[in-house]
Amino acid sequence: MFYRQRIRSDSKYLTDESKMTGKGEHVIIPVDESELREAMRINNSKGNPVTVSAMRTGVCGGCVPLEGDVISLERMSGVIGIGRDDRGYFVRVLPCTTIEEINRVLRTGDFSSLTDVTEGAGAALAAEPVPYFYPVDPTEMNGSIGGNIACNASGPRTYRYGPTRDWVRRLMVVMPDGQFVDFKRGDYRAEGRRMSFPAGRSFYSFEIPSYDFNTDVKNAAGPMFHSDMDLIDMFVGSEGIFGIIAEADVYIAPWHPLVSSILYFPTDGDCLAAVREFRGDDLIDPEFLEYMDGRSLDLVRGVMASDPAMIRVPRIPDDAGSALFFDMAVTGDMRARFERVGEIASRHGSSLSESWCADDDQGRARMRELRHSIPRSVFEYVASLKGEMPGIHKMGTDMSVPDDAADEMMDYYRSELDSAGLEYVVFGHIGNNHPHVEIILKSMEDFEKAQEVYDRFARRAVDLGGSPSAEHGIGKIKTRYMELMYGREGVEQIRRIKAILDPKDILCRGNITGGSR
Amino acid sequence: MRYVVAVKQVPDTMEMSVDENGSLVRAGVPSVLNPYDEYALVKIRGIMDDGDELVVFTMGPPQAEAALRRCLQLGADRAYLLTDPAFAGADVWATARVLTAFIGKFEPGASLYIFGRQAIDGDTGQVPYEVAGLMGVRQFAYVDSLESDDDGILAVQDYGDMVRRVRVPEGSVVSFGSVDPNGVFPSIQDRLDAESKEIVRLDRVALGLGLYSVGLKGSLTRIVSTRTVTSARRNRKVEIRDPAKGAGFIIDELEALR
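Here the protein sequences come in this chain order: C and H.
Positions 1 to 517 (this note's numbering) are the ones given, in order, by the first sequence.
Positions 518 to 775 (this note's numbering) are the ones given, in order, by the second sequence.
It is possible that some hints are incorrect.
Okay, the calculated bits of chain H under chain C, using three or more residues with CB under 8 Å as the criterion [to be verified]: (1) 699 to 709; (2) 758 to 772.
Far from chain C, by Cβ distances over 10 Å, these chain H residues were calculated [to be verified]: (3) Pro602; (4) Gly606; (5) Lys622; (6) Ile716; (7) Asp720; (8) Thr738.
With beta-carbon atoms standing in for the labels, derived distance ranges [to be verified]: (9) Glu25/C <-> Thr747/H: 47 to 57 Å; (10) Pro760/H <-> Ala383/C: 16 to 26 Å; (11) Glu624/H <-> Pro317/C: 29 to 39 Å; (12) Arg519/H <-> Ala124/C: 33 to 43 Å; (13) Pro528/H <-> His256/C: 22 to 32 Å; (14) Glu712/H <-> Arg193/C: 56 to 66 Å; (15) Pro308/C <-> Leu737/H: 35 to 45 Å; (16) Pro760/H <-> Ser11/C: 24 to 34 Å; (17) Lys386/C <-> Pro760/H: 21 to 31 Å; (18) Lys442/C <-> Val680/H: 35 to 45 Å; (19) Leu283/C <-> Thr738/H: 53 to 63 Å; (20) Asp668/H <-> Leu283/C: 51 to 61 Å; (21) Pro131/C <-> Glu770/H: 29 to 39 Å.
Hints listed in this document are in silico derivations from the structure and should not be mistaken for laboratory results.
No residue lacks a Cβ here, since even glycine has one placed at the ideal position from N, Cα and C.
With these hints in hand, go ahead and build the complete structure from the sequences.
Shown next as structure tokens:
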């Protein structure tokens with residue numbers, strides 16, 4: 001038995017933060033893995049499509065159903081265990097556990113109610129001199145771990161810690177027919193390009209696609225494939241098309257004190273020039289580099305007057321024309337490191353006096369709130385247009401390029417958008433050459449123009465050796481860029497694997513490959 | 518001019534929750550500089566000229582040094598931490614006595630003695646006026662801003678239904694009545710400058726106070742019992758044009774009602 005109810009046309013289950021809207025019949029809400037398997041078994045026997053949903057914080061429509069039912073994992077939530085292996089500590093989590101919740105549990109330091117996955121792990125972690133945390137920071141801390149794994153999410157701290165993929169130890173995956181595979185990294189590896197693994201009574205064996213996944217840049221464009229690959233890497237980033245993550249083990253890292261700073265610059269060019277120097281400086285050694293251009297700051301200035309969430313964020317200086325947000329681990333040579341920051345700032349029209357600095361958790365959270373308010377404001381703006389323009393959705397880039405192409409890509413963004421007469425803001429993970437360009441749409445005409453410009457951006461990013469989807473995944477909105485990355489044959493090869501794992505094509509239709517086989 | 522500002526480290530009430538018994542959960546709640554005091558400090562810094570000096574002090578446990586460090590980052594020049602196990606459990610009277618003893622012995626003759634209206638944890642809002650009483654100086658409550666001219670300092674007091682400008686004699690006690698909901702951040706330069714500024718620790722003996730004039734032993738208040746009371750509904754009209762400030766005002770009012 002499991003909860004199943006008809007979806008109303010205005011249901012939250014029909015959209016996500018992209019503001020794309022879909023269609024669905026029922027929402028099924030399993031409370032555990034057995035209910036999830038039963039729901040899949042029944043839907044599979046009927047050939048009824050299901051789309052997997054959790055916190056719906058994705059921005060590519062991955063959880064938005066096109067037809068059939070939604071399986072919402074919202075009641076499969078919580079940290080349930082702690083373990084330790086050769087690499088270090090890990091937590092065992094249910095799929096809808098938020099990143100915030102994982103870190104909250106780790107902050108308490110009391111793990112007595114959690115299961116010891118390995119003997120004495122909870123007590124050993126509690127006795128550690130420093131608290132631990134889950135280091136992948138997808139900016140949206142209320143996103144689910146299952147969703148993060150499904151799209152190989154990353155964020156500001158990818159600069160230091162890498163993407164979600166690097167932190168996944170084990171997965172329990174429910175297959176479309178309700179059987180499951182429970183495995184750790186290293187349990188199943190491809191032999192060359194042939195992947196084989198059992199799931200319940202089934203045994204799957206297939207050729208993996210011939211393309212090699214680009215790991216030179218931040219990349220969340222579909223599942224990873226390469227010779228001798230680990231099975232875990234096929235499910236990470238597969239956005240639910242091969243199976244549903246019902247439980248996961250993710251590694252955690254020791255937390256260290258941080259100081260957050262925002263440095264203000266007179267112009268966008270000054271800030272970007274400073275970024276180039278920051279990136280190559282071993283002494284400053286930032287945890288991440290986040291950029292906010294002048295238009296973003298203007299957007300926030302407007303939002304601050306009306307958004308209660310911004311009540312604790314100080315007003316941005318009137319003369320600030322752009323900003324660089326960065327964290328540094330607290331070390332014994334902070335003065336020397338800050339002085340180096342000051343030297344770079346002074347070469348680009350700024351100084352240490354034109355900055356904000358916070359050592360305390362509250363102050364650091366306020367700075368994050370400021371940064372996060374930029375995409376949130378854009379989401380809310382797009383949502384406000386849905387009444388007049390139902391077909392509209394957010395148009396924000398998520399493209400990364402190699403270091404030597406960063407300037408060229410930024411110039412290309414600006415020249416294309418300016419010549420198209422579109423309004424936009426640029427912000428985000430400049431440390432990874434991965435700024436987000438959010439196009440501020442005013443009309444359906446803008447939307448169509450923006451789609452054309454966006455396609456050109458994606459093509460240029462791929463030409464420069466980058467990815468059209470660095471951290472958000474592909475979902476349903478970016479499927480056409482899969483062919484850009486991997487060619488028609490590459491996408492067909494993914495479809496062939498799906499046909500083996502999901503013969504009735506019921507799972508997460510429309511994600512990654514753009515629809516049914 | 519020399520300004521002396523009294524501050525307090527308080528639990529961050531934005532982070533506090535209530536357990537199933539209705540008791541405040543303080544465990545794990547971070548400490549912050551009392552927002553009323555931070556507002557007062559920033560306001561004073563705003564009227565200071567070159568050569569003026571800003572001194573801060575607090576009574577509290579050793580960890581209250583973090584609040585003083587923040588004050589130094591926000592522009593204070595020197596800081597004193599009045600800390601002694603004997604100070605624990607002080608009511609407003611015993612607190613005022615310690616603060617007054619400190620002022621008399623270590624910072625007499627300042628231009629103004631500045632307070633925030635109240636601490637957001639205790640909310641008694643009496644300490645500034647008791648200090649003024651003990652010092653024998655005039656006190657100015659609900660101050661919104663200060664101005665200086667050739668004849669000295671003017672205070673703008675905002676009583677909610679009335680605003681008045683008054684001249685403030687040297688050595689008076691001034692308490693600011695507001696908070697800035699948006700707060701401030703120090704700059705990196707402020708943070709570096711504060712590293713070389715000193716925090717002086719003073720205990721009961723240094724202040725010349727006896728055991729029975731401080732802390733719980735020196736407190737006149739005895740809490741016999743506490744209970745929740747319901748009060749008659751009161752209406753008040755305030756006009757705030759800035760939505761952020763308006764929301765901040767509502768939060769402050771709600772916190773004051775806790």
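Now the hints, each set against the structure:
1. Residues of the region 699 to 709 of chain H with a Cβ under 8 Å from some Cβ of chain C number 11, which satisfies the need for three, so the listed coverage holds.
2. Beta-carbon proximity to chain C at under 8 Å applies to 6 residues in the region 758 to 772 of chain H; the threshold of 3 is reached and the given coverage holds.
3. With a closest Cβ-Cβ approach of about 26 Å to chain C, Pro602/H is found to remain outside the 10 Å limit, as its non-interface label requires.
4. Every beta carbon of chain C lies more than 10 Å from that of Gly606/H, the smallest distance being close to 27 Å; the non-interface claim holds.
5. The non-interface label for Lys622/H is consistent with chain C: the shortest C-beta to C-beta separation is roughly 32 Å, beyond 10 Å.
6. At roughly 16 Å, the least C-beta separation between Ile716/H and chain C is larger than 10 Å, which holds for a residue marked as non-interface.
7. Interface exclusion of Asp720/H from chain C stands, the closest Cβ pair being 27 Å apart, more than 10 Å.
8. With 10 Å as the threshold on Cβ separation, the claim that Thr738/H sits away from chain C holds: the shortest Cβ distance comes to roughly 31 Å.
9. Separation of Glu25/C from Thr747/H is about 50 Å and conforms to the stated range, judged on CB atoms against 47 to 57 Å.
10. For the pair Pro760/H and Ala383/C, the supplied restraint of 16 to 26 Å holds, since their beta-carbon distance comes to about 20 Å.
11. The given range of 29 to 39 Å is respected by Glu624/H and Pro317/C, whose C-beta atoms sit roughly 33 Å from each other.
12. The hinted range of 33 to 43 Å is not satisfied by Arg519/H and Ala124/C, whose Cβ atoms lie roughly 54 Å apart.
13. Taking the beta carbon of each, Pro528/H and His256/C are about 25 Å apart, inside 22 to 32 Å as hinted.
14. At roughly 58 Å, the beta carbons of Glu712/H and Arg193/C sit within the given window of 56 to 66 Å.
15. Judged by the Cβ atoms, the range 35 to 45 Å given for Pro308/C and Leu737/H holds: they are separated by roughly 41 Å.
16. Pro760/H and Ser11/C have their C-beta atoms about 31 Å apart, which keeps the hinted 24 to 34 Å range intact.
17. For the pair Lys386/C and Pro760/H, the beta carbons lie near 24 Å from each other, so the given range of 21 to 31 Å is met.
18. Roughly 43 Å separates the CB atoms of Lys442/C and Val680/H, a value that falls within the hinted 35 to 45 Å.
19. One distance hint, 53 to 63 Å for the beta-carbon pair Leu283/C and Thr738/H, holds here, with the actual separation near 54 Å.
20. Against the hinted window of 51 to 61 Å, the Cβ-Cβ separation of Asp668/H and Leu283/C comes to about 52 Å, which satisfies the hint.
21. The hinted window of 29 to 39 Å between Pro131/C and Glu770/H holds, with their beta carbons roughly 35 Å apart.
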